[in-house]
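Starting from the known structure of chain A, fit chain B onto it as the hints suggest.
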Amino acid sequence: MEFFLQQTVNGLTLGSVYALIALGYSMVYGILKLLNFAHGEVYMFGAFAGYGVLTILGGSSALVVPVWLAIMLMFGAAMIVSAAIGVALERFAYRPLRNSTRIAPLISAIGASFFLQAAALLMFTANSRSYNTPSLIAIETGIPLGPIRVWMVRVLVIVTAFVLMILLTLWVNRSRTGKAVRAVSFDREAAAMMGIDVDKVIVVTFLIGSALAGIGGVMVGLVFGRIFHLMGFVAGLKAFTAAVVGGIGSIPGAMLGGLLIGFAEAYTTGYISSTFQNLIVFGLLIVVLLVRPSGLLGRPELVKV
Amino acid sequence: MSSDQSLLSLTDVNTYYGQIHILQGISMEIKAGELVCLLGGNASGKSTTLKTILGIVQPRSGTVTFDGVDVTNKSTSFRIGNGMAIVPENRRLFAPMTVLENLEMGAYLRSDNFEEDLNDVYELFPLLAERRHQLAGTLSGGEQQMVAMGRALMSKPKLLLMDEPSMGLAPILVEQSFEIIQRVHRAGVSILVVEQNANMALSIADHGYVLATGRIVLADRAEALSQHEDLKKAYLGR
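Line by line, the protein sequences give chains A and B.
Those letters in the first sequence? Residues 1 to 305, per my numbering, in order.
Those letters in the second sequence? Residues 306 to 543, per my numbering, in order.
Bound-form chain A, shown alone (with noise of 0.2 Å):
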């Protein structure tokens, strides 16, 4: 029991952070029918600017301000870098091939996630570096849930990213953009005979989904502590599967699909094997895809006769 709940808080955990990433997929995929593989380099770079403010503030040991503050400006500035990459990706790398053929965009997307990779090689080096969590937040701290005990920064992890998932529902179902970006997703065109700038209705959903990645950078920082410039590769494979498992394009199936393989990986680590991690994740993927072909949430493709 006390294993079996272990495993659970820790999918919860990995699963909050990949759906956090997904969305950002889905989202994009949804309004540009584009597959953004430079997402999980968007990831990655949030979660060095977290590593840097930490870094400005004094490290983890020797903080000179009240850890809630630093962790605030830790997510702030990973929203803010996040959402400027993730801008500068669809103005330069998507924009100026909107038009073109559907591959070129992709082909694009793949370029821009090796140049994001070889700028992290640049500026941070190959050297992983930590976020060093314990210091910051004792490792004893934390909610009891049973026999076991959940670490604080787990929780704040797990909370924060269910708050941020119910704000952006909220967003997209309620506020005016929202139903915009839902509106542009479905029909640029017709949106655009609507009066919608379709342009900013698009970098908006850039500016979103990227500022998601950069706090889920932060939070893998803070929860497993060691970060690199290769980071995304991995990351942004599974929150893509997450993507696709859920049903791309589909808000709560991104969240879906991400507390899925979460939860798939933490109890293939717990009651299998950690090798056969990703092995089950993507079998998951396989399975999904052959019994519902649009994901578990998806809108099947109309066909047109």
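Just so you know, nobody snuck in bad clues.
Taking lysine-lysine pairs in the DSBU-like style, the calculated list, with each CA pair at most 35 Å apart, reads:
#1 B/K461 with B/K336
#2 A/K200 with B/K379
#3 A/K200 with A/K33
#4 A/K200 with B/K461
#5 B/K379 with B/K336
#6 B/K336 with A/K200
#7 B/K379 with A/K33
#8 B/K461 with A/K33
#9 A/K200 with B/K463
#10 B/K379 with B/K463
#11 B/K461 with B/K379
#12 B/K336 with B/K463
To spell it out: a stretch of chain A is covered by chain B in this simulated footprint if at least three of its residues, at any positions, have a beta carbon under 8 Å from a beta carbon of chain B; those stretches are:
#13 174-181
#14 184-197
Calculated directly from the structure, the hints in this document are not laboratory data.
Don't be surprised by glycine CBs; every beta carbon is placed ideally from N, CA and C.
Chain B alone, transformed into the frame defined by chain A:
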């Protein structure tokens, strides 16, 4: 109702898709309060004319003037904000959004309160009030046509553009649809109807233009056009 004030005018408009010369020197005018129809067969340039009026495609030469402003190089948002609205071909509703959300998208550029206009739309189409929380994609064709009309009216347009309102509708619904167009027109909205169904369009229009392979080949008062020998042969099936 009719005044001499020009609401929309196209002057010698040439529009290209890549190398293909689609609109070849189109000139037309809609006066305030008029109901004008633009007739033409497949690939005659009707949709391109509408897209040029809305600014979705830019003409290579010529001018588009709307409500006293040269809008040739202005964005679609600008034109909608200044009083154009469109009921697109095949309606183009936002299917996964509710009826109410579709109507709200029609009022996207408005910063004032549009509660009253929403009620006006519900009064015009009582069925939409009942179905306002239903997803637009689940409605029947006739109901969707109402949403598309309502959505366009939510911006309080001076000029309503209608792209093939009869397309894909049962004959009884086509008649209904044209009755509604007349009602909206009587309420003071100028309308441009683009149609293949020439009989129906000419029966309600003040003026008509006939488009063939990117040129205006006939332009006259609607009654005169419906008696025109060439048109009868080509479009009216008489």
